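**Student:** Using the sequences and the accompanying hints, generate a full structural model.
These protein sequences, in sequence, are chains A and B.
When we follow UniProt numbering, the leftmost residue of the first sequence carries the number 1, and every step to the right adds one.
When we follow UniProt numbering, the leftmost residue of the second sequence carries the number 1, and every step to the right adds one.
Hints are not guaranteed to be accurate.
Copies of one chain are not kept apart here, so a pair can be met inside one copy or by any two copies together.
Stated by the list, open to error - Straight-line C-alpha distance at most 27 Å; calculated DSSO-like pairs for lysine-lysine:
hint	residue 1	residue 2
1	47	76
2	47	3
3	76	3
4	15	82
5	44	3
6	82	3
7	44	82
8	3	15
Just so you know, the hints here were simulated from the structure itself, not pulled from any lab data.
Remember, it's a predicted structure, so these values are computed and weren't measured experimentally.
Number of protein chains: 2
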Amino acid sequence: MDKRNRVLIDGTVIKRSDIRYTPAGTPVLEIVITHLSEQTEAGKHRKVECEVAMMALGDIAARLAPIQIGQRLASKGFIAAKSNRYRHELVLHLEEFELLN
Amino acid sequence: MDKRNRVLIDGTVIKRSDIRYTPAGTPVLEIVITHLSEQTEAGKHRKVECEVAMMALGDIAARLAPIQIGQRLASKGFIAAKSNRYRHELVLHLEEFELLN
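**Tutor:** Here it is as structure tokens:
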């Protein structure tokens, strides 16, 4: 069993689902952010862009529910496969977030 | 411009490329790890699995070159899109690693 699985990433919301509920009544919300930053790699500055699919379950989904397209957020969570079939397509499962605007 | 983009994840190497060199002579190595851990989400323990594509450039690629399929490593880096076309397919760009076996 592996130990560490931690992601910290900021970005702007470009997609969001409606809130839905599992059969057990747990709220679920899915968003996609776009991330744009500068990083250093092999001693050189480079631009980094990506889109990150995120999922929020339970209390955090309820708190995230009002989020709007265009809002920026700082997020923290763990990554998991989108499904058993698409094990390399990653979804960030939110544990904490903070709105940045 | 976004600020944070940091991933810490452990896993087992399941694929690796041969080392290759950019036109400027920078070594490049690509690996894929499989990650298996337990996380807590919405108050419940859950199993988490995923495969993470990783890229190492420069000095870190040279240090990673001897890595073997089956070896476990702790990794730290930033995530970027695999390409402009596949902005949601994420690649972890390694900044630090430590072999765990």
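**Student:** If a hint holds in the structure, say so; if it does not, say that too.
**Tutor:** Hints and how they fare:
1. 47 x 76: Both, since 21 Å and 18 Å are each at most 27 Å.
2. 47 x 3: Between copies, since 12 Å is at most 27 Å while 30 Å is not.
3. 76 x 3: Answer is both; intra-copy 16 Å and inter-copy 13 Å each pass.
4. 15 x 82: both (16 Å within a copy, 20 Å between copies)
5. 44 x 3: Classified as between: cross-chain Cα gap 17 Å, same-chain 31 Å, threshold 27 Å.
6. 82 x 3: Both, since 20 Å and 25 Å are each at most 27 Å.
7. 44 x 82: Between. Shortest inter-copy distance 19 Å satisfies the 27 Å Cα cut-off; intra-copy 32 Å does not.
8. 3 x 15: between (31 Å within a copy, 20 Å between copies)
Hint violations for this structure: none, all hints satisfied.
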